[in-house]
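Heads up: the sequence lines are chains R and Y, in that order.
Taken in order, the first sequence gives residues 277 to 833; the numbers are from this note's numbering.
Taken in order, the second sequence gives residues 2 to 221; the numbers are from this note's numbering.
These aren't lab readings, by the way, just hints derived from the structure by calculation.
One thing to keep in mind: the hints can contain errors.
[What the hints assert, rightly or not] Simulated crosslink set (DSS-like; lysine-lysine; CA at most 25 Å straight-line):
| hint | chain 1 | residue 1 | chain 2 | residue 2 |
| --- | --- | --- | --- | --- |
| 1 | R | Lys580 | R | Lys309 |
| 2 | Y | Lys6 | R | Lys688 |
| 3 | Y | Lys137 | R | Lys801 |
| 4 | R | Lys688 | Y | Lys57 |
| 5 | R | Lys483 | Y | Lys178 |
| 6 | Y | Lys109 | Y | Lys59 |
| 7 | Y | Lys137 | Y | Lys103 |
| 8 | Y | Lys96 | Y | Lys59 |
| 9 | Y | Lys137 | R | Lys688 |
| 10 | R | Lys685 | Y | Lys178 |
| 11 | R | Lys309 | R | Lys645 |
| 12 | R | Lys685 | Y | Lys215 |
| 13 | Y | Lys215 | R | Lys801 |
| 14 | R | Lys801 | Y | Lys36 |
| 15 | R | Lys674 | R | Lys685 |
| 16 | R | Lys309 | Y | Lys215 |
| 17 | Y | Lys57 | Y | Lys8 |
| 18 | Y | Lys196 | Y | Lys215 |
| 19 | R | Lys335 | R | Lys780 |
| 20 | R | Lys685 | Y | Lys31 |
| 21 | R | Lys483 | Y | Lys57 |
Bear in mind the structure is a predicted one, so any value in this text is a computation, not a measurement.
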Amino acid sequence: MDWANDSLNKLEATREGRLSSNPPDIGEDEAQKLLYQYHPDYIGRQRNVRLGPNAGNGKVPYELADLLESDSQLPVGFEPSVNIETDVLILGGGGAGASAALALEGAGLKVHLATKLRLGDSNTVMAEGGIQASLGINDSSRRHFSDAYVGGHGDNDPDLLRVLCENSETTIRWLGQLGCILDSNEDGTFQLRPGGGTSLPRVLACKDYTGLEIMRVLKDAVLLSSTQTLQNHAAIELLDDGDGQVTGAVLWNRDSGDLVSVSARAIIIATGGSGQLRFQDFPTSNHIGAVGDGLVLAYRQGCKLVNSDSYQYHPSGTTYPEALAGQLITESIRSIGAQVVNAEGRRFVHEMTFRDVLAAAIIREVSEKRGVQTPTHRAGVWLDTPLVDLQNGEGFLKQKFPGIFHRFKRYKIDPAKQPILIYPTLHYQNGGIKIDRDGRTDVKGLWAAGEVTGGIHGTNRLMGNSLLDITVFGRRAAMSVQENLPQRRPVTLTQLKKFRECFKMISGKQSLLSPQLFPVASGMKIEFTKNNSAEHVSQAFEATSQSKFEPPDPFTT
Amino acid sequence: MESIKIKVAGELIHARAGETVIHSLWNAGKAELIKTGCVGGVCGACTITVRSSDGKMKGTDLACMCPVEDGMEVFPCPVDSALSLAPEPNPTEEKLRKAFPKIDKCTKCGSCTSACPMSIPVMDSVLRMRSGQLDKVADDFTTCIHCGLCRFVCEDGVQPHMMGMWIRRSIGSSLEKDMGKKLDQDLGQAELEWKYLLEGTPVDRMNHARRFRKSGEIEL
């Protein structure tokens, strides 16, 4: 990193002085000002959606608005004929979907889990920092609630947040029963770390691979369960009975190209987030499938979205080397002493403040030319990681955070000796489908859980609350499904047809089709193999070369 | 950025120095060539083998973590998941042997260790399994992404990652969990606190939450 020597020298010159310095504490007003001036959510890159349940009621990022207003991938003229009949169809193979599947085990129901990738390929598996649980001696679910509520700017649904916080201990027990191993102390108690905006240490972790540990175990348990997993099956539309109840889904089998119609008595949508939409060209920490599929599918069925104007830009995304751009450096590193320092070697914000404030502060430093330019035309500020060992003893950083060493080793960067350049990365979809305490959406037959939902985290999520969210609400949705399972009803495309009627009315349409399934940048093709006489005339359709289609053969494996 | 050429599954790809194999495929409109998942090096979907420009095999890697090098050749190497085995409480060497009889077939060739994209000392750990050091094995496999490459390269059908998972889950589910001694047993007090936090206008709620998170006390 010779190109950064000037700035590195300044950073090293101030290091000893900074070691004992207090973090700069900006007041609440200053923090608000920072958000309004610099946070991507607040700078006017959003618009109203012109159709559907949120029409004229609150803005969402341009890119998401475009998708909500886009035509379906499903060829006009397609009529579903049932290929798979099941009781519960779970859409999504991350932590929420897997938790739901496990909570349905033993209920005597036929369960299918469809994921467009493989089971476990998700944002869950990439979560590093940990999972919150109020196990500390002076901690409580109320304290947890207060932190998350203040962090979420009070935009949280208090009922949902209470459910989240009251279920942390049982969730940790459940994960333990499944065989998750979280870091513990000599005396057998769990290690609790602070997280940004937690008033007490409350974050449990498995080094900096907490999501990997949890997802690996959930996946193994699902594979051992009676759930039938449909991998490489992307949901491209929900089916309804023509009378306001969701009754199934159309899946696209990516291997064969077939469209597969599923009849289900209940659907749990757990399709996760949308970081790969890369708003305002931000890099992202998200997996290849995170493009908001679930939001689009549920929206067409009449589900309202809440807080969908709000996204989390994680303050510490990697900025250099280029190959790692956007990838996460866990917040925990800051919680044990790594400072955030600008090009001049100065701290400019409390490292453990709320994520949105810290992200805004970093963006300010860079836009006011106090950032460091990389040779690949990115910019960032320093995360002074060598401070961790200076405070905790040599080898501490590597022992606690093997993941970051592993990733940087290839580029001959040793985080114990060299700081890391960071810049906010699009990380988490704070808002989403509106649900109640039991994961029910506004629409009968449809439940939702995890990152695809909105309300729990308000407009800024705290570290460690998403792994908790997916395990708590994935299971709750599954319990609710068991208690409220509707009768099987016919599968039709009534809602989609209604949507298409509205779609005809709006002007200046995008040529996109949604759900998008994969990032635009990936250039991934969506092609259905079979051909029928139904002709799809829209230009958008031609643009994605889905010109061949006929009703799918009965699904056989 | 410097432009370089690589080959992926026999197809010529123009890439930019500094990017990963996955991103070079995205830019070339060839994303389908390699199955991709998290793009963050932890899901194990995008397993590949690599041959460098001098014709030497460089071994296995993850395409999302592998930076492009001029003249390199990349071969997709997807690994299907193996059959899982249910964990057992209080695992022992005997139980492990019974569950995974092939454990003793290991000929110590070291292929698994060199194949592991997470730098886990896989072969050493298999030897530790054979001598019953299961706690150490559980530790070894903390960072296992379950990509299956260790199994893929094993000539003797040993399944190190499956054994690692089985051992971790078996140990994990047998651990006595100490949830700590909580002061949280006074349900009456808890209800008072919830009332304090949930009632009133949004402004009240925010003020109460701000106060409570600092002091842990409610204002009566």
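These are the hints, each one checked on the structure:
Proposed proximity of Lys580(R) and Lys309(R) is contradicted: the alpha carbons are some 30 Å apart, above 25 Å. At roughly 24 Å between alpha-carbon atoms, Lys6(Y) and Lys688(R) fall within 25 Å of each other, so this suggested pair holds. This hinted pair does not check out: Lys137(Y) and Lys801(R) have alpha carbons roughly 45 Å apart, beyond 25 Å. At most 25 Å may separate the alpha-carbon atoms for a hinted pair to count; Lys688(R) and Lys57(Y) meet this at roughly 22 Å.
With a C-alpha separation of about 18 Å, the suggested pair Lys483(R) and Lys178(Y) falls inside the 25 Å cut-off, and the hint holds. At roughly 20 Å between alpha-carbon atoms, Lys109(Y) and Lys59(Y) fall within 25 Å of each other, so this suggested pair holds. As the CA atoms of Lys137(Y) and Lys103(Y) are separated by approximately 20 Å, the hinted pair is consistent with the 25 Å bound. For a cut-off of 25 Å, the pair hint linking Lys96(Y) to Lys59(Y) is broken: about 37 Å separates their Cα positions.
The straight-line distance between the Cα atoms of Lys137(Y) and Lys688(R) is roughly 28 Å, outside the 25 Å bound, and the hint therefore fails. At roughly 35 Å between alpha-carbon atoms, Lys685(R) and Lys178(Y) are farther apart than 25 Å, so this suggested pair is violated. Annotation: proposed proximity of Lys309(R) to Lys645(R) holds, straight-line Cα distance about 19 Å (limit 25 Å). Distance restraint check for Lys685(R) and Lys215(Y): the Cα-Cα separation of roughly 40 Å exceeds the 25 Å cut-off, and the hinted pair is therefore not satisfied.
A threshold of 25 Å between alpha carbons decides the hint, and for Lys215(Y) with Lys801(R) the separation of about 52 Å lies outside it, so the pair is violated. Between Lys801(R) and Lys36(Y), the direct Cα distance comes to roughly 13 Å. Compliance with the 25 Å bound is thereby established for this hinted pair. About 12 Å separates the Cα atoms of Lys674(R) and Lys685(R), which keeps this hinted pair within 25 Å; it holds. The suggested pairing of Lys309(R) with Lys215(Y) holds, with an alpha-carbon distance near 23 Å, which does not exceed 25 Å.
Between Lys57(Y) and Lys8(Y) the alpha-carbon distance is near 14 Å, which keeps this suggested pair within the 25 Å criterion. Annotation: proposed proximity of Lys196(Y) to Lys215(Y) holds, straight-line Cα distance about 18 Å (limit 25 Å). For the given pair, Lys335(R) sits about 21 Å from Lys780(R) by alpha-carbon distance, which is consistent with the 25 Å threshold. In summary, the hint linking Lys685(R) to Lys31(Y) is not supported, as the alpha carbons are separated by about 28 Å, beyond the 25 Å threshold.
Distance check on the hinted pair: Lys483(R) and Lys57(Y) sit about 35 Å apart at the alpha-carbon level, beyond 25 Å; violated.
Hints 1, 3, 8, 9, 10, 12, 13, 20 and 21 from the list above are not met by this structure, while the remaining hints are.
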